[in-house]
Amino acid sequence: MTEREDADGRRPRGELQIRTLAMPADANPNGDIFGGWLLSQMDVAGGIFASQRARGRVATVAIDAMAFHLPVYVGDVLCCYADLERLGRTSMAVHIEAWVIRRDAVRRVLVTEGRFTYVAIGEDRRPRPVPSP
Numbered sequence: 001m002t003e004r005e006d007a008d009g010r011r012p013r014g015e016l017q018i019r020t021l022a023m024p025a026d027a028n029p030n031g032d033i034f035g036g037w038l039l040s041q042m043d044v045a046g047g048i049f050a051s052q053r054a055r056g057r058v059a060t061v062a063i064d065a066m067a068f069h070l071p072v073y074v075g076d077v078l079c080c081y082a083d084l085e086r087l088g089r090t091s092m093a094v095h096i097e098a099w100v101i102r103r104d105a106v107r108r109v110l111v112t113e114g115r116f117t118y119v120a121i122g123e124d125r126r127p128r129p130v131p132s133p
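Here this note's numbering is used: the first residue of the sequence shown is 1, the next is one more, and so on.
Note that these hints are calculated values from the structure, not bench results.
Hints are supplied without guarantee of correctness; some may be wrong.
Computed spacing ranges between beta-carbons, pair by pair [claimed, not checked]:
#  : residue 1 : residue 2 : range
1  : 13        : 62        : 17 to 27 Å
2  : 131       : 31        : 25 to 35 Å
3  : 56        : 104       : 40 to 50 Å
4  : 44        : 11        : 28 to 38 Å
5  : 132       : 74        : 19 to 29 Å
6  : 20        : 84        : 39 to 49 Å
7  : 125       : 9         : 42 to 52 Å
8  : 102       : 133       : 35 to 45 Å
9  : 29        : 133       : 21 to 31 Å
10 : 68        : 104       : 34 to 44 Å
These numbers come from a predicted model, not from an experiment.
No residue lacks a Cβ here, since even glycine has one placed at the ideal position from N, Cα and C.
Let the sequences and hints guide you as you build the complete structure.
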């Protein structure tokens, strides 16, 4: 078992896009991180991935199939991974996983995953074709 594997031997799917620290300002009174904060971090990660793939500006048009498996706590290091699920003419579906490294832990734990859909947009803010790889 390596640092990138959890206790069940699972590994993050896709490439690491962002890594950030969950802070007290992101938490509710019980110390759990707000789901909206986590969702926004995942969207940032997916946006980075989609923008690179589209070679330009993208817009989030849908968030599907979200699954919140475990809470995120203040002090957790959040790592968001993205992987292309489907590529259309102007859009793409991106699978995003959020893993955390708990305080005083080495192994990552999968906390949330979902599918985000992004559309490539041009200077006129209208959909444009995604370039071929």
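These are the hints, each one checked on the structure:
Checked against the given bound of 17 to 27 Å, the beta carbons of residue 13 and residue 62, roughly 19 Å apart, stay inside it. Between residue 131 and residue 31 the C-beta distance comes to about 44 Å, which lies outside the given range of 25 to 35 Å. For the pair residue 56 and residue 104, the beta carbons lie near 42 Å from each other, so the given range of 40 to 50 Å is met. Restraint check, residue 44 to residue 11: a C-beta distance of roughly 22 Å breaks the suggested window 28 to 38 Å.
Hint check: residue 132 to residue 74, Cβ distance near 44 Å, so the stated range 19 to 29 Å is violated. Checked against the hint of 39 to 49 Å, the pair residue 20 and residue 84 fails, with Cβ atoms roughly 22 Å apart. Checked against the given bound of 42 to 52 Å, the beta carbons of residue 125 and residue 9, roughly 44 Å apart, stay inside it. Taking the beta carbon of each, residue 102 and residue 133 are about 37 Å apart, inside 35 to 45 Å as hinted.
Between residue 29 and residue 133, the C-beta spacing of about 47 Å breaks the proposed range 21 to 31 Å. A hinted range of 34 to 44 Å for the beta carbons of residue 68 and residue 104 is inconsistent with their spacing of about 23 Å.
Hints 2, 4, 5, 6, 9 and 10 from the earlier list are contradicted by this structure; the remaining hints agree with it.
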